[in-house]
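> Here is how the chains run, residue by residue.
Number of protein chains: 2
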Amino acid sequence: MKREVLSNSHSDKLFEQVYDYLLDRIIREEWKAHEKLPSVRTLASELNVHRLTVFKAFQLLKQNRHVYVKDKSGYYVQPNSLLPVESMNDPIVSAYVHKSHLSEIHQVQATYQFSKALIEPNLLPNHYFSEYVKKVFDLYPKVLGTYSTTQGDQELREALCSYYISRYHFHLSPDELMITSGSQEAIDLVARVLVKPRDVVLIERPTYSPAIDVFRRQGAKMIPIEISPHGYDLEQVELLMQKEKPRLFYLNPTFHNPTGYTVSAEQRKRLVELAAKYQCLIVEDDPCRDIYFRDEPPLPFFSYDTAGYVIYLRSFSKYIAPGLSIATVACRPSIMKYLIQAKSLSDSGAPLLNQKIFLHYFFSERMQQHLAKLRIALAIRREIMEEELSVTDWEWSSPPGGFNLWVKLPDSVPMDSLLGKCIEQSITFVPGAICDPQRELSSWIRISYSYLNEQQLRDGVRRLVRMVRQLNNPYLEI
Amino acid sequence: MKREVLSNSHSDKLFEQVYDYLLDRIIREEWKAHEKLPSVRTLASELNVHRLTVFKAFQLLKQNRHVYVKDKSGYYVQPNSLLPVESMNDPIVSAYVHKSHLSEIHQVQATYQFSKALIEPNLLPNHYFSEYVKKVFDLYPKVLGTYSTTQGDQELREALCSYYISRYHFHLSPDELMITSGSQEAIDLVARVLVKPRDVVLIERPTYSPAIDVFRRQGAKMIPIEISPHGYDLEQVELLMQKEKPRLFYLNPTFHNPTGYTVSAEQRKRLVELAAKYQCLIVEDDPCRDIYFRDEPPLPFFSYDTAGYVIYLRSFSKYIAPGLSIATVACRPSIMKYLIQAKSLSDSGAPLLNQKIFLHYFFSERMQQHLAKLRIALAIRREIMEEELSVTDWEWSSPPGGFNLWVKLPDSVPMDSLLGKCIEQSITFVPGAICDPQRELSSWIRISYSYLNEQQLRDGVRRLVRMVRQLNNPYLEI
Chain A
1 MKREVLSNSH SDKLFEQVYD YLLDRIIREE WKAHEKLPSV RTLASELNVH RLTVFKAFQL
61 LKQNRHVYVK DKSGYYVQPN SLLPVESMND PIVSAYVHKS HLSEIHQVQA TYQFSKALIE
121 PNLLPNHYFS EYVKKVFDLY PKVLGTYSTT QGDQELREAL CSYYISRYHF HLSPDELMIT
181 SGSQEAIDLV ARVLVKPRDV VLIERPTYSP AIDVFRRQGA KMIPIEISPH GYDLEQVELL
241 MQKEKPRLFY LNPTFHNPTG YTVSAEQRKR LVELAAKYQC LIVEDDPCRD IYFRDEPPLP
301 FFSYDTAGYV IYLRSFSKYI APGLSIATVA CRPSIMKYLI QAKSLSDSGA PLLNQKIFLH
361 YFFSERMQQH LAKLRIALAI RREIMEEELS VTDWEWSSPP GGFNLWVKLP DSVPMDSLLG
421 KCIEQSITFV PGAICDPQRE LSSWIRISYS YLNEQQLRDG VRRLVRMVRQ LNNPYLEI
Chain B
1 MKREVLSNSH SDKLFEQVYD YLLDRIIREE WKAHEKLPSV RTLASELNVH RLTVFKAFQL
61 LKQNRHVYVK DKSGYYVQPN SLLPVESMND PIVSAYVHKS HLSEIHQVQA TYQFSKALIE
121 PNLLPNHYFS EYVKKVFDLY PKVLGTYSTT QGDQELREAL CSYYISRYHF HLSPDELMIT
181 SGSQEAIDLV ARVLVKPRDV VLIERPTYSP AIDVFRRQGA KMIPIEISPH GYDLEQVELL
241 MQKEKPRLFY LNPTFHNPTG YTVSAEQRKR LVELAAKYQC LIVEDDPCRD IYFRDEPPLP
301 FFSYDTAGYV IYLRSFSKYI APGLSIATVA CRPSIMKYLI QAKSLSDSGA PLLNQKIFLH
361 YFFSERMQQH LAKLRIALAI RREIMEEELS VTDWEWSSPP GGFNLWVKLP DSVPMDSLLG
421 KCIEQSITFV PGAICDPQRE LSSWIRISYS YLNEQQLRDG VRRLVRMVRQ LNNPYLEI
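First to last, the sequence lines map onto chains A and B. Residue 226 in the UniProt record's numbering sits at position 226 of the first sequence, with consecutive numbering throughout. Residue 457 in the UniProt record's numbering sits at position 457 of the second sequence, with consecutive numbering throughout.
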């Protein structure tokens, strides 16, 4: 039947019909994920059309991410193609979407949420917040009647700008600062502005899982850079910058998520030099710099940047006020102008109310006192978690800050069934694989000690340990 | 020199070199915007490579929006190509961005802002807001310590769901409702989920300008549908749905922006039938339904939809509380699941604080009283504007609701110099061209009566009228 359509039609639309024809067969799973499609030559003769026509159809399939290309060897079916079979009967047969793996885990309701790298709400000075909010309404009676600018409230940008300058010696003006609704929006905007399909992106392995999802959605070619307690292998990084001409290197080098590692000042300086030398932007994600347990971490990459190659993402959601979702992007005007254009299409600026509340709360003395208490509370919870884990032979390195333990379980543990069983037992954690751009690291897990109180921590970890042991030795009693 | 590179290299990367070579020449503006590139054949022989190689390079240029194709006649340079010349020295040589034309006008600071379709902050019950905010903190002491879910606060979704059901007879469950940060995010998400490059999108002419920018960014092929005081030409719409198989029809049919027209109930019913018949989604943007001056408008398209082809976007920013930026998307689960996935990559849900404040404010009796007053205040301002315009020979049809007058100036008025001169005189308006997907309608302007007080309105309109007269007759005294 398809054949008929093909032969009846005039050549201009022919390749689109070939496209539809091939797409139908992919949707019907005549070719499964990662399966190779017939060659251009074969299909051309099979459909009795010119090879160029088939080639054009393949180009379009590739452009729409239904197939991918292995060098020279041909076209293969994209695994999570954008056309789930069930959606064939939906009105939208071409939804253009990528998943956020982490947010799917967060949707699981559980008693022992080791998956959430968030502060337990009880650790926040909730009563104190409301006083500040009242103050804000006295100061800005019309705050709810007013839009923010796309770039963010001028007063807040000026305050944060001087804060960054005094704390971290940034070279920065308020025009080089943007307020976003949380760091997720910041990463999304940066990726949308900077990354085109086929662009090379360097990314830590492991890394913050939603960043992988965002860069994958942009069609980036991701090259993993291993991060260890000693940071990166800079010789390898330089070689890659030389050879692959990456558009950017996304990293979160301070109490790294998920490992907790922190990159040294020396490596920071050196990497900023390399970035300028090879014109590779550095996107520095810095969401938990203030959560250190002993020493303050080294200055941000941005502090060492003179050539304008570092983009600094700073979220204040995690430990100041998740309910406000305030984050900032610091970068040079040449990039900022594009970020503002992109943001103006996706929203009209972070809500002004949230920006004003944050402004007055963040710079209050009480807030700084709260932060000091918070560090102690989290340090204690980390110790409790490590204490409970000390009975195991699992491997981890004790983090000097942040929210997470990055733990290696015995290789023998079947991760999928572990996650399944844990969810049954109302325990959630982040499987290492989703923090890995290569989707490996399957015997690692990220467990956060920030979201549960001390008793829940002890109970939850004990349950987790029992679960793992039992999976390793089914005859063991629980 | 390029030649050398080409000849030395192995064929696999050859087309990428041709791509770079052509891109360089485009950046150097050897070919200007809308200029035709040499044919595949010509370039192939000029560069001494196979035609397929040049073709692949062209495909990539097209995919990256540096060139566009006119049926059969060849490749042309994309006007606002994504590589502005000045950015060649920027770190980002491939920023992938489209402008928001409206937000650029909003950035102009002016005394007489006829460009802003927003409520003058003084018309909002600002004092009353703050009481509600305090109430919210008593009710939800931990509201600032908590993230919302990606889809939005359950309590708010349930409340708005029953509101929609009782007011508009929607068939709706809370799971079919999403809370977004304003309608701009709603439009952006819907476009990103539904529209792929080359998808056909029907769009009103004129229409809400940022929607044009968003669909253009998605690479949609936009087909304008004229809207008149009598609505649409449904025969033409049906033909287009039949012939072009559009993915969706974006419309704002109630006190339409910018014209103020409202589509009849009959047309709404009929269009919903057509949508289902031709599997064309209807994206109904409904930001000022409550701002009617005499009769309530007809029910939303969504009320008539049984087949699940209508997506209902409802913003509450404009007249309830711009500072909260709360909007909702109502659609069927088959689409909602994709919207949630997309949103989880761009933020972690609208801030919970804003959702809770909105919940308690919107459903308060006082709010409904305020709305009644607001309608009267805006009706008066519309009358003032029309009174001041009555001395001219300009054409407009008096809007039964909304914020704007859509006015046709004499064809002889030079629009560009008018806008320039007005900005000098601290007057802003929206030129019709940016509301037109075809960038014509150059003698029309959108002037809003909602953002200025009565005295400013009179002064501003008089100045505008003088300006136009003087541009038409330079010898006239101002």
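Bear in mind the hints are in silico, worked out from the structure with no lab data behind them. Predicted model only: the values in this text are computed from it and were never measured. Yeah, the Cβ is synthetic: ideal placement off N, Cα and C, and Gly gets one too. Check before you lean on any hint, since a few could be wrong.
Stated by the list, open to error - Mimicking DSSO-like on lysine-lysine, the simulated pairs with C-alpha atoms at most 27 angstroms apart in a straight line are: (1) A/Lys-56 to B/Lys-373; (2) B/Lys-62 to A/Lys-70; (3) A/Lys-196 to B/Lys-135; (4) B/Lys-243 to A/Lys-196; (5) A/Lys-134 to B/Lys-62; (6) A/Lys-196 to B/Lys-70; (7) B/Lys-337 to A/Lys-196; (8) A/Lys-337 to B/Lys-70; (9) B/Lys-32 to A/Lys-243; (10) A/Lys-373 to B/Lys-142; (11) B/Lys-421 to A/Lys-56; (12) A/Lys-70 to A/Lys-56; (13) A/Lys-142 to B/Lys-70; (14) A/Lys-135 to B/Lys-196; (15) A/Lys-337 to B/Lys-196; (16) B/Lys-62 to A/Lys-36; (17) B/Lys-116 to B/Lys-337; (18) A/Lys-221 to A/Lys-72; (19) B/Lys-277 to B/Lys-72; (20) A/Lys-196 to B/Lys-116; (21) B/Lys-196 to A/Lys-62; (22) A/Lys-56 to B/Lys-408; (23) B/Lys-72 to A/Lys-221; (24) A/Lys-36 to B/Lys-196; (25) B/Lys-135 to A/Lys-337; (26) A/Lys-116 to B/Lys-56; (27) A/Lys-221 to B/Lys-70; (28) B/Lys-243 to A/Lys-62; (29) A/Lys-72 to A/Lys-116; (30) B/Lys-56 to A/Lys-36; (31) A/Lys-56 to B/Lys-269; (32) A/Lys-56 to B/Lys-196; (33) A/Lys-142 to B/Lys-373; (34) B/Lys-337 to A/Lys-56; (35) B/Lys-245 to A/Lys-62; (36) B/Lys-56 to A/Lys-70.
Said to hold, decoys possible - Listed next, the stretches of chain B that the computed footprint assigns to chain A, with coverage defined by at least 3 CB atoms under 8 angstroms from CB atoms of chain A: (37) 258-269; (38) 289-299; (39) 368-379; (40) 411-423.
> Hint by hint, say whether it matches the structure.
Hint by hint, here is what the structure shows:
The suggested pairing of A/Lys-56 with B/Lys-373 is violated, with an alpha-carbon distance near 60 angstroms, which exceeds 27 angstroms. Annotation: proposed proximity of B/Lys-62 to A/Lys-70 holds, straight-line Cα distance about 22 angstroms (limit 27 angstroms). Straight-line distance between C-alpha atoms of A/Lys-196 and B/Lys-135 comes to about 47 angstroms, which puts the hinted pair past the 27 angstroms bound. A threshold of 27 angstroms between alpha carbons decides the hint, and for B/Lys-243 with A/Lys-196 the separation of about 32 angstroms lies outside it, so the pair is violated.
Using a Cα cut-off of 27 angstroms, the hinted pair A/Lys-134 and B/Lys-62 is violated, with the two alpha carbons roughly 54 angstroms apart. Of the pairs offered as hints, the one joining A/Lys-196 and B/Lys-70 holds, with about 24 angstroms between alpha carbons and a cut-off of 27 angstroms not exceeded. With a C-alpha separation of about 25 angstroms, the suggested pair B/Lys-337 and A/Lys-196 falls inside the 27 angstroms cut-off, and the hint holds. With a C-alpha separation of about 31 angstroms, the suggested pairing of A/Lys-337 with B/Lys-70 is violated against the 27 angstroms cut-off.
For the suggested pair B/Lys-32 and A/Lys-243, the alpha carbons sit about 32 angstroms apart, so the restraint of at most 27 angstroms is broken. Annotation: proposed proximity of A/Lys-373 to B/Lys-142 holds, straight-line Cα distance about 18 angstroms (limit 27 angstroms). Proximity of B/Lys-421 to A/Lys-56 is assessed by CA-CA distance (about 50 angstroms); at most 27 angstroms being required, the pair is judged violated. Only pairs whose Cα atoms come within 27 angstroms are accepted, and A/Lys-70 paired with A/Lys-56 is accepted, the gap being roughly 17 angstroms.
Our distance criterion of 27 angstroms between C-alpha atoms is broken by A/Lys-142 and B/Lys-70, whose separation comes to about 51 angstroms. Taken as a hint, the A/Lys-135 and B/Lys-196 pair is broken in the structure, with Cα atoms around 47 angstroms apart against an allowance of 27 angstroms. Note on A/Lys-337 and B/Lys-196: the hinted pairing holds, with a Cα-Cα distance of about 25 angstroms set against a maximum of 27 angstroms. Distance hint between B/Lys-62 and A/Lys-36 is fulfilled; the C-alpha atoms sit about 26 angstroms from each other, no more than 27 angstroms.
Simply put, B/Lys-116 and B/Lys-337 have alpha-carbon atoms about 34 angstroms apart, too far for the 27 angstroms limit, and the pair is violated. Straight-line distance between C-alpha atoms of A/Lys-221 and A/Lys-72 comes to about 17 angstroms, which keeps the hinted pair within the 27 angstroms bound. Simply put, B/Lys-277 and B/Lys-72 have alpha-carbon atoms about 31 angstroms apart, too far for the 27 angstroms limit, and the pair is violated. With a CA separation close to 34 angstroms, the supplied pair A/Lys-196 and B/Lys-116 exceeds the 27 angstroms bound.
Only pairs whose Cα atoms come within 27 angstroms are accepted, and B/Lys-196 paired with A/Lys-62 is accepted, the gap being roughly 13 angstroms. A threshold of 27 angstroms between alpha carbons decides the hint, and for A/Lys-56 with B/Lys-408 the separation of about 46 angstroms lies outside it, so the pair is violated. With a CA separation close to 33 angstroms, the supplied pair B/Lys-72 and A/Lys-221 exceeds the 27 angstroms bound. Taking the CA atoms of A/Lys-36 and B/Lys-196, the gap is near 24 angstroms; set against the 27 angstroms cutoff, the hint holds.
For the proposed pair B/Lys-135 and A/Lys-337, the alpha carbon gap of about 40 angstroms is over 27 angstroms, so the pair is violated. Only pairs whose Cα atoms come within 27 angstroms are accepted, and A/Lys-116 paired with B/Lys-56 is rejected, the gap being roughly 46 angstroms. Between A/Lys-221 and B/Lys-70, the direct Cα distance comes to roughly 31 angstroms. Violation of the 27 angstroms bound is thereby established for this hinted pair. As the CA atoms of B/Lys-243 and A/Lys-62 are separated by approximately 26 angstroms, the hinted pair is consistent with the 27 angstroms bound.
In summary, the hint linking A/Lys-72 to A/Lys-116 is not supported, as the alpha carbons are separated by about 43 angstroms, beyond the 27 angstroms threshold. For the hint pairing B/Lys-56 with A/Lys-36, the CA-to-CA distance comes to about 21 angstroms; that is within 27 angstroms, so the pair holds. For the hint linking A/Lys-56 to B/Lys-269, the alpha-carbon distance of about 40 angstroms lies beyond 27 angstroms, and the restraint is violated. Straight-line distance between C-alpha atoms of A/Lys-56 and B/Lys-196 comes to about 17 angstroms, which keeps the hinted pair within the 27 angstroms bound.
For the given pair, A/Lys-142 sits about 18 angstroms from B/Lys-373 by alpha-carbon distance, which is consistent with the 27 angstroms threshold. With a C-alpha separation of about 32 angstroms, the suggested pairing of B/Lys-337 with A/Lys-56 is violated against the 27 angstroms cut-off. A C-alpha spacing of about 22 angstroms is found between B/Lys-245 and A/Lys-62, which places the hinted pair at or below 27 angstroms, so the restraint holds. Distance restraint check for B/Lys-56 and A/Lys-70: the Cα-Cα separation of roughly 16 angstroms lies within the 27 angstroms cut-off, and the hinted pair is therefore satisfied.
With 0 residues bearing a CB less than 8 angstroms from a CB of chain A, the segment 258-269 of chain B misses the requirement of three and the coverage assertion fails. Counting residues of the segment 289-299 of chain B whose CB lies closer than 8 angstroms to any CB of chain A gives 0, so the stated coverage by that chain is violated, three being the minimum. Given as covered by chain A, the segment 368-379 of chain B fails the check, having 0 residues with a CB less than 8 angstroms from a CB of that chain where 3 are the minimum. A count of 0 residues in the segment 411-423 of chain B with a Cβ less than 8 angstroms from any Cβ of chain A is obtained; the coverage claim is therefore unmet, three being the minimum.
Going down the numbered hints, you'll see the structure goes against 1, 3, 4, 5, 8, 9, 11, 13, 14, 17, 19, 20, 22, 23, 25, 26, 27, 29, 31, 34, 37, 38, 39 and 40, while the others check out.
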